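Novice: Now for the letters of each chain:
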Amino acid sequence: MAIDTGPAPSQAPQPSPEPPPADLVMRLWRGDASGGRFQDYHVTPQEGEVVLDVVHRIQATQAPDLAVRWNCKAGKCGSCSAEINGRPRLMCMTRMSTLPTDEPITISPMRAFPIMRDLVTDVSYNFEVAKLIPAFKPRPRDPDGLYRMAQVDIDRGQEFHKCIECFLCQNVCHVIRDHEDNKPRYAGPRFFVRLAELEMHPLDTLDRRDYIHRDMGIGLCNITKCCTEVCPEDIHITDNAIIPLKERIVDSRYDPVAWLGRKITGRPAPLPAAQARKHTGAAHQQPAAPAPPKPGAGA
Amino acid sequence: MTDTERHDFDVVVIGAGGAGLRAAIEARELGARTALVCKSLLGKAHTVMAEGGIAAALGSVWPEDNWEVHFRDTMRGGKMLNNWRMAQIHALEAPDRVLELEEWGALFDRTSDGRILQRDFGGHRYARLAHVGDRTGLEMIRALQHRAVEIGIDVFMECKIVRLLQDDQGAVNGAVGFFRESGRFVTFGAKAVVIATGGLGKAWKFTSNSWECTGDGMALALWAGADLIDMEAIQFHPTGMVWPPSARGLLVTEGVRGDGGVLKNRDGERFMFNYISPFFAAETADSVEEADQWYKNKRDFRRPPDLLPRDEVARAINSEVKAGRGSPHGGVFLDIASRRTPEEIRRLLPSMYHQFKELADVDITTTPMEVGPTCHYAMGGIRVEADTEATTVTGLYAAGEAAGGMHGSNRLGGNSLSDLVVFGRRAGLAAAERALGLPGIPEVSETQVAGVTEHAMSYFANQSHEDAYAVHRDLQETMQALVGIIRTEAELLEARDKLAVLTERASHCAVEGNLQFNPGWHLALDLESMLAVSNCTTLSAIERRESRGGHTREDYPGFRPEFENVNMVTRLVDGEYVLTKEPKPRMPDELATVFEEGAH
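These protein sequences, in sequence, are chains A and B.
Position 279 (the first sequence) corresponds to 268 in this note's numbering; numbering is contiguous.
Just add 5 to wherever you are in the second sequence, counting from 1, and you've got this note's numbering.
For reference, chain B alone in the conformation it holds in the complex (with noise of 0.2 angstroms):
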C-alpha cells in the first residue's frame, strides 16, 4: 500500500475560489478546525478570472432596486428553472456578502457621494454590479485570500482530491488525493465536506474557463451517491474572443455592453433588434433610437435587447453567423470604439484594453472587437437543500458553481460572483454547525484508501498508447460538436456513444514519467471528472425535449409546460448513470405577486 500523510479536521473545503474561501472563512470563525484544499497555489482559482461585477441589491445607484427585484430578475434570467428559495436568499442576503467583502479590505469604484458604484449588466432591472473596473474576481479573491490568511485557515496547496471517503452508513467522513508538486498521497478525515470546485468548461474545445474547471466537485460528488441537476444548462457566453486561435474563448466582460457597447453584424446592422423574445419584449427597447436614449435616461426608456441575458444573446449571435453575416473569424463585432471616449474605454476596461492589444494587436478604442459564445458556466450541479447547502449525501455541502439550482437554465452576468459568498457562508456554516456536533475524530477506512491510491496509480501501469491528452481533444472535440449551443436529438446520442468509447480510452490511459509535478498523470485524473460530468449533461440533455435557457433544441424549440417544473436528475446506480425527472421546489404564492408587480 501506498505510505500516505493524515490530517483530521472538523470541516474540509474543497476548492479555493470564492465559495471554497468564503465557507472556509465561515467554518473556521464558528469554531471549526478547517482545511481550505485547493488544485492550484491560493489565489489562483477561476474567481480571478470574473470580470464585469458582483450583483447586490444596494440601491446605491437606484434607490428603487431591492430584493425583491434582483430575485425576480433572477428568476426571469432563469426561464423560472431556478430554486426559488436559493434566488430568494441570495437576493436578500447579497448585500451584506458585498458590505462584508469592503470590510475585508476590497476597493470598489465609489459614486460621487463615495458609496459603491454599481453598472449596468445584461437582465438586470437595475444599475446593479458592484465592481472593481473590469477586475471584478480579482479583488474579491484577493480580499477572501486576506482574510482566510488572517484567521489562520490551514490551506493545502497544488493537492489534488481524487476521491472522498465515506463511512460504512454513507456519511462522508473524509478525502484522499495527492499533492501535485510530490505525487505523495494525503489522507483528510473530515466531519464534514464542503464542495466548492467550481465548474467544468475544460471539457470544451471553446470555454472561458481556467485550467482547474474540470467538473471534479460534481464528479466527486456523483462518485459518492450525490445527485446532479439540471446538468443540461450550460451557459454559453456571447462574448468570448474569436481571434487569434489560441485565444478563442477567453471571456470579454459583459461590462462592455453594459458601459456602452453594440453587437453589430458583417454589414454593420445592430442586429440584436431582430432577436428580442416575446419573454422580454414589454422591457425591451425596439428601435436603435430608444436603446440609444436608455443610455442617458434609463428612467423613461426601455433597455437596448444588446443587454438581454446571456442565453438569447448567444443564440442571436450564432445565428447571424450561420446566416453568413459574422465577422471575418467567425463571430461578430462588439463595437464601443464607436461609442466611447478611448479615455472613457481604457478606465472603464483596463483589463479588455491591455487583453485584446496583447493577444490580438486590437485597439478597442479605435477598432471594435470579434467575439462569439464560448463554453462559461454551468448551472447545473450538485443537488442542495437551498438553506444549508446539504446534498442528498450526509455529511456533504456544496457551493458556488459546483452546485445546481440557484441560476436555473441561465445565470445572469454578476450573479456568480454573488452567488459564491452567499452560499459559501451557508455551507461553511452548515458544515460547521454539524461538526461541531460530532464528537471524537472520523474513523477512515484504511482499504478505502488503499483502494483510491491504488487506482490513481494504476494509470503508471497501464501498458498502452493511449494517452490523456489525446482523449482530452477528443471528448473537446465532441462536446464543442455535438452537446454545443444549439443541440439536437440525433447528435446527442451520438455523443453519448461517444463518451462511453472515450470513457474506455481514459481508463487505458499510460502516463509516463514519476509522481513529480507529472501533468499527463493529473491529466489522466481529471479526466475522470470530465467523463462523468459530460456524461451527466449529455443524458440531461437528451431528456429535457425542450429549450430552456442555456439549453437550446433544434427539434424542440420553445418552453414546453411538462418541463416547466421539473429538474432533470442524475446518480450513479450501480455503476450506470440513471436520469430521472422530479418535480422542483414549489414557489409559494405570496412570493409569485413579485412577478405581477414586476411586469410593467
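For reference, chain A alone in the conformation it holds in the complex (with noise of 0.2 angstroms):
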C-alpha cells in the first residue's frame, strides 16, 4: 500500500538481520504540473534487479497510475531518466544492490525540465533545439559511387554517435537547470555533441562555427564537466566535444586556413599542451559531480 509521508522524511532505518530480501522503501515523486510529493512504497527487492524493475513492480501492484517513461529496459534508448537520491541516472542500468537500503531511495524526475506527470517530465526543449541545428551536407560520392572515410576520422564522430538522447547532460546543466531563461539561447551539452559531430564529420561541407557561437549561446558552457560525469555512454562530452568546439570558434577568427584543413581531413585538431592543461584545470576546480538536489526541491 501507498503510505503518505507528507513533506518530512520520518521513516526509521528498518535493519534487516538475514538480507536479502530485506524490505526496503521506495521514496517517489507523485504529482503533476499543479504540484506534489514524495509517496513512500514498501518493496522487497529481488535478485539482480534494478530501480526500474522495482518501479514497475509498484506500478503492478500497488499504484497502477504511476507515470514512468521506458522503452528498452538495456540502457539503449534513454527513455528512463530520473533523479535516484538525487543523482541523474538511467533507471534500467542502477541496480538496487548498488544503493544504500538502510534509508528510502528516493526518485524524482528530472529537475530541469518541466513536470508532466510523476517521473515523467517534458522534454520537448530538446526536440525544439534538434530543429534548429543546421543539418549535415555530404560532398559528393567518389566517381565510383562510394564514399570512403578512415576508420581514424571517424572514431571521435562514432564517440558522439554513441549518445542515446537520455538528456541526463541537458538535465545537469547548470546553465539551463538554474536558468530557465537561458533555454531560448542555449543548445545544451547533447547539441553540442551533435554539432561537434556535423562539425568533426569527414563528409561534411558546411561551417557551423558562427552559428554555434552566436545562436546556440555555447559561450555561457564554463566547463563544468557535470554532463560528462552523468553520460551513461561514457561520452567525453567536455573534453571531446565542447573544448573542440570552442577552439574551432575562437580559431576561426583568427585562422580561417587551419579550419579549412581540419575540414578536409577531418581530424579533430589537437589541443595544444598548455591549453589542455588549463582547461583540466578549470575542470577540476568544479565539483566532480553534480551536488545532490535535496528531495523535492526542485517539484
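These are computed hints drawn from the structure, not numbers from a lab.
The structure displayed is predicted, hence computed values, not measured ones.
Be aware that a few hints might be false.
Restraint ranges, calculated between C-beta atoms of paired labels, are given here [unchecked claim]: (1) A:K120 to B:E69: 42 to 48 angstroms; (2) A:A124 to B:K301: 40 to 46 angstroms; (3) B:G175 to A:F116: 34 to 40 angstroms; (4) A:L88 to B:Q468: 57 to 63 angstroms; (5) B:T393 to A:S23: 48 to 54 angstroms; (6) A:G20 to B:R550: 54 to 60 angstroms; (7) B:K301 to A:R130: 30 to 36 angstroms; (8) A:R128 to B:Q298: 41 to 47 angstroms.
A few chain B residues facing chain A, derived, Cβ under 10 angstroms [stated by the list, open to error]: (9) E107; (10) L112; (11) H151; (12) S356; (13) R439; (14) G442; (15) D472; (16) H477.
C-beta atoms are modelled at their ideal positions from N, C-alpha and C, and glycine is treated no differently.
Since each chain sits alone in its own frame, please combine them into the complex, following the hints.
Specialist: Take a look at the structure:
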C-alpha cells in the first residue's frame, strides 16, 4: 500500500539481520504540473534487480497509474532518466544492490524539465533545439558511387554517435538547470555533441561555427564537466566535443586556413598542451559531480 | 462525446522506428503532407536495440557477394516460406539503402581501404552486415531521425493509435488515438496510412522486445479487415541473457558468434556439432578443427555450426538445457573470452561488455556469458503486396516487422534493419502516390470517431477487480508456456482456450486514476492488441502441422510437403478469428537456378 509520509522524511531505518530479501522503502515523487509530493512504497527487491524493475512492480501491485517513461530496459534508448537519490541516472541501468537500503531510495523526475506527471517530464525543449541544428551536408560521392573514410577519421564521430538522447546531460547542465531563462539561447551539452559530430564529420561541408557561437550559446558553458559525469554512454562531452568546438570558434576568427585543413582531413585538431592543461585545471576546480539536490527541491 | 483534436494529412505513418521513419521520409520527399505518429518519444523505438548490423550485399569485404547470394541465403534461412518477390527486392535494394544512410550521416565501421566494413552473421554465406560496433540500430535510427527533422515531417510523439477509420467502401481514411501525456484524443484524417509499428514480443514473458512491441499495428490492420499471414512464425533468438532474472530475455548480439564466440554446454562441449540438420550439412563444418580454421580462412573451410540460422541454434540450446547439460541458470555458455583478447572484445562488442558488466556483474572478457532463447521477432504479420506494401485493405500499407512474408518462417540476423529501410521506403512511396492522386480532404465519420473514444474511455467506467497488469502477466505466462519455442497440439489448444478467458477478463479491466499519462490505461488498450495477435499466432500454430523455421511442433517434426507453399492466413470475420490456408506466390523458374548454383 502507498503510505503518504508528507513532506518530512521520517522513515526509521529497518535493520534486517538476514538480507536478502530486505524490505525497503522507495520514495517516489507523485504529482503533476500543479504540484505533488513524495510517497513511500514498501518493496522487497529481488536478485539482480534494477531500479526500473522495482518501479514497475510498484506500478503493477500498488500504484497502477504511476507515470514513468521507459522503452528498452537495456540502457539503449535513454527513456528512463530520473534522479535517484538526487543523482541523475537511467533507472534501467542502476542496480538496486548499488544503493544503500538503510534509508528510503528517493526517485524524482529530472529537475531541468517541466513536470508532466510523476516521473515523466516534458523534454520537448530538446526536440525543439534539434530542429535548429543545421543539417549534415555531405560532399559528393566518389566516382564509383561510394564514400571512403578512414576509421581513424570517424572514431571521434562514432563516440558522439553513442548518444542515446537520455538528456541527463541537459538536465544537469547548470546553464539551464538553474536558469530556465537561458533555454531560448542555449543548445546544451547534447546538442554541442551533435554539432561537434557534424563539424568533425569527414564528409560534411558546412561551416557552423558562427552559428554555434552566436545562436547556440556555447559561450555560456563554463566547462564544469557535470554533463560528462552523468553520461551513461561515457561520452567525453566536455573534453571531446565542447572544448574542441570552443577552440574552433576561437580559431576561426584568427586562422581560417587551419579550419579548412581540419575540414578536409576530418581530424579534430590536437589541443596545444598548455591549453589542454588550462582546461583540465579549470574543470578540476568545479565539483566532480553535481551536488545531490534536496528531495523535492526542484519539485 | 469526447472532444478530439483534428489533423488532416496526405499520409499518416504509424510507428517511428526504422520502417516508419523511412516511409515518412519518402512520402514527404515526394511532396505528400506527412505525419509521423509514435507511441514513444522520437528516436526511442525498438530499432535502437538492434545490435549486430544491416545486411546488404555491398561486396566490400567479399567481392563475390551479390544480390543473388543474399536472396538465396534469405530464402533458405526462411525455409523457403518467404514471399520470393519481397526477398528479391530486399536483396536488390539493400545496398542502396545502406549507402543512403551514409549520405544522411551514419558512420559505419570501415575497411582498411575506407569502405564499409561487413561482419559475419548466421546464415549469411559472406560477411555481409554493415555495422557500428554492436549498436547499429541506434546509428540507423539517428540518421533517419535527423533526416526526418531536416525535411520537416510533422511528428506526433507519445501518441497511441486506438483504431483506424474507414469510409463506406472500407478504404482507410484516418485514425483515432490519444496523446499519452494528456489523454487528449486526436483524429487524423489521411488519404493513406502506413503501419510500421513493429513486433509483438511483449505477449511473451521472456523477450528481447521493448515496451512498445505489443502488436498494435497488426491488430489495427486486423480490426480494419486486413489479412495477417504466418503468425505462427515467431523467432526465438538463441542468445538472450538468462541471468539475473530481471535481465532475462535481453538480447546478446549474434555478432558475438560472428566475431568468434562459441557455444558450450555445462561440460565445455561445443554441442552445436551435434545439431547440424541435413538442410545445412553441405555448408557447415563438422569438426571443431575445421570450424576454427574458418575464422582464419573463410574461402577454403566451411562455417562453424554456431553460425547456423537462429531457429536451428535456438532449438539446439533448448535441447541441451532439457537434457540437463545447461548452465547454472538454465542456459548454455557463450564463450568469447577464450577466443579473443580483452581489447578486441571491448572494441568489437562495447554494448555487450557494458550490458553484462552493469546488469550481471560479469566481465565477458574473462568469463563466458550464460545465454538462452528469447522471444525476438515476428516473421509473420500483415499481408502485403511485395512491390507496394499495400495490404488487403484499400489505403492501408505496412512495412517492417509489422508486415509478413519477407522472412518466411525464420529471419536471418541483419535482414531486419535492411527490411525496414527497403520496404519502409516502398510503403512511403506507394502511400504518397495514392494520396497525391486523391483530391480534397478525407471525410472521416464522426460516429466512428465517437465509437472509438467511447470504447477507449470505457475502461474508466468498468467496475471490477480485474486489472491490466494481472491480465498481461497471465498472458505472458500463457504464451511462454504454451506457444513457446517447442509446441504441441494439446498445449496450443489449451492456449486457445486460455486466450478466450483472458480476452474476456481484459475487457473488464478497471482503470484507476485519470487520463494524464496513465500506464494502467495504456496497458489495458495495448492488451487488446496483444490478445488479438496472440490469438492469430495460436490459431496458425495449431493449423501448421509441421515444423518449419521459428515454428517447431514436437508432434509434427520436420517439413511436410503440403505446407511448403502455404501461407496461414488469419482474419476477422464477424468478430471471429478465421484461418485459411492459401497458396503463397509462386517463384518464377528462372530464380530457381540461384539455388542450384548456390548449393555447392
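Novice: Need the list of violated hint numbers for this structure, in ascending order.
Specialist: Going through the list in order, the structure violates hints 4, 13, 14 and respects the others.
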